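**Student:** Please construct the entire structure, taking both the sequences and the accompanying hints into account.
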Amino acid sequence: MKKMGRLYILMLNIFIAMLGFGLIVPVMPSYIEAFGATGKTLGFLVAATGFTQFALSPVAGALTDRFGRRKLIIAGIAGFTIAQFIFAFADQLWMLFVSRFLGGAAGALLMPAMFAYIADITSEKDRGKGMGLFSAAMTLGFVIGPGVGGYLVEYGIAFPFLIAGSFAALSTLLSILFLPETLTKEKQEEARLNKDIHFNPFVQMIKALKTSYGFLFILAFVLNFGIIHFESIFGLYVDQKHGFSPKDIAFVITVAGLAGVLVQGALVNACVKRFGEMRVVRYALLGAAFMLIACRYAPSFWLIFTGSILFLSATSFVRPALNTLLSKMAGNQQGVAGGLNTSFMSLANIVGPSLAGILFDVNIEFPFMFGTLVLCVSFAASIVWGKKVQHASAAS
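Taking my numbering, the leading residue of the sequence shown gets -8, the next gets one more, and so forth.
Derived by calculation from the structure, the hints in this document are not laboratory data.
Among the clues, some could well be false.
Result set (DSS-like, lysine-lysine): computed pairs, CA atoms no more than 27 Å apart in a straight line [stated by the list, open to error]:
#1 378 with -6
#2 -7 with 116
#3 176 with 319
#4 116 with 232
#5 198 with 178
#6 264 with 378
Simulated restraints, written as ranges between beta carbons of each label pair [claimed, not checked]:
#7 293 with 352: 24 to 30 Å
#8 80 with 364: 43 to 49 Å
#9 288 with 238: 35 to 41 Å
#10 352 with 383: 43 to 49 Å
#11 138 with 231: 49 to 55 Å
#12 117 with 352: 32 to 38 Å
Note that the coordinates shown come from a computational prediction; the quantities given were computed from them, not determined experimentally.
Virtual Cβ for every residue (Gly too), placed ideally from N, Cα, C.
**Tutor:** Have a look at this one:
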C-alpha cells in the first residue's frame, strides 16, 4: 500500500479512538444512574483513562523504538476494541473501570507508535501535511463523539460502544493487513542496546526536559492545558454569565471544533511551509491568548461564538506544527519523543480541568484570565528558546 493509504489507516485508527473517548460524554450519566454510583465515581471513571495514558506513554514510546511501530499500533487498536466491548456488556461498576483503564493503556500504545510511523513515512518537507491530517482526524473524532453518542444512545446505552467496538475491530483488521513495519531490524536492535528505560513517568519527563527539544514538551503541555482549561469550564461559564442553553453550548463547541479540523486539514501545511514550524506555533499561541481573553469580554452570543471559533482555530495550528518540529529534532528517537509528548499532554488533561474548576469557584473570570497569562508567557518563552536554538545552530 502507498504511503498515503497507510496514513489514512492511521487517521482511521485515531478517529475511532477519539470517537470512542467522546461517546462517553452524553452516555455516562445513564451508566452512573444504572449502577447507582456518585458524581465522584464519575470523575474517577473519566480520569482513569488519562492517568493510565500518562503513566504508560513514556514506556510505550521506548518500546516502539525497540520492537517496531506495527506491533504497538495493532496491540493498541485491538486493546481499544476490547475496551469498548467490555464497556458495552458491563453489568458491574468495576467492569467500567477495567474498560477505562484498558482504553488508556491502548491510547498509550497507539499515540507514540503512530506519531513515529508518520515520521517514518513522510519526508521533512511533507511531514507538516501528514501531522496536520492526522491531527484533523483526531480532532474530528473528539468533536463529533458526543453528538454520535447522544444519537446512538436512543437505541440503548450499550449501543454506542458496540458500534465503536465494531469499527475498532475493522480498523484492527485493516492495520494487520495493510500496515507494514517501517522501522528496520537494525534500528530496533540498536534501540534495544540502550537499557535506559524507566517505568516512572516523572523520571522520563524530567530527563526529557533536559534534551535540546525539551521546551517543545512544555509547549505540548501548555497547548493541551489551554484547550482543556477552556473547554472544561466554558459551558458552566456561559450558562451562569450569559444564560446559554445546553443546545447553544453544544452548537458553539461543535462548530468551533469543526473549524479546527478545517484548519488542520487545509491550512497548517501551507503555513508551515511558508513560515516554518516555530513561527506558526509562536503566533498561534499569541492569537489563542487574544481570543481567550476576547471570549471573557464578549457581550453577546455571536461574539462569544466567533471568539471560540478563532480560539480553537488558533490552537489547531499549534499541535501539528509542534509535532512536526518535535519529529524533526527527535532524530532516531521518534517513539520515545512521541510517548513523552503524549504523557505531557495527558498530564495537562489532568491538571487543566482541576485547576479551572478551582479558579472558577473563586471567580468565574479567573480561568480565562489565567489561561491567557499562561499562553502569553509561553509565547514570550518561545521567542527566547527560538533564539537559543538559532545561536546553537550557528555555533555548530
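**Student:** Against this structure, judge whether each hint is valid.
**Tutor:** Evaluated hints:
no.: 1; hint: 378 with -6; verdict: violated (35 Å)
no.: 2; hint: -7 with 116; verdict: holds (18 Å)
no.: 3; hint: 176 with 319; verdict: holds (22 Å)
no.: 4; hint: 116 with 232; verdict: violated (46 Å)
no.: 5; hint: 198 with 178; verdict: holds (22 Å)
no.: 6; hint: 264 with 378; verdict: holds (20 Å)
no.: 7; hint: 293 with 352: 24 to 30 Å; verdict: holds (29 Å)
no.: 8; hint: 80 with 364: 43 to 49 Å; verdict: holds (46 Å)
no.: 9; hint: 288 with 238: 35 to 41 Å; verdict: violated (24 Å)
no.: 10; hint: 352 with 383: 43 to 49 Å; verdict: holds (44 Å)
no.: 11; hint: 138 with 231: 49 to 55 Å; verdict: violated (24 Å)
no.: 12; hint: 117 with 352: 32 to 38 Å; verdict: violated (47 Å)
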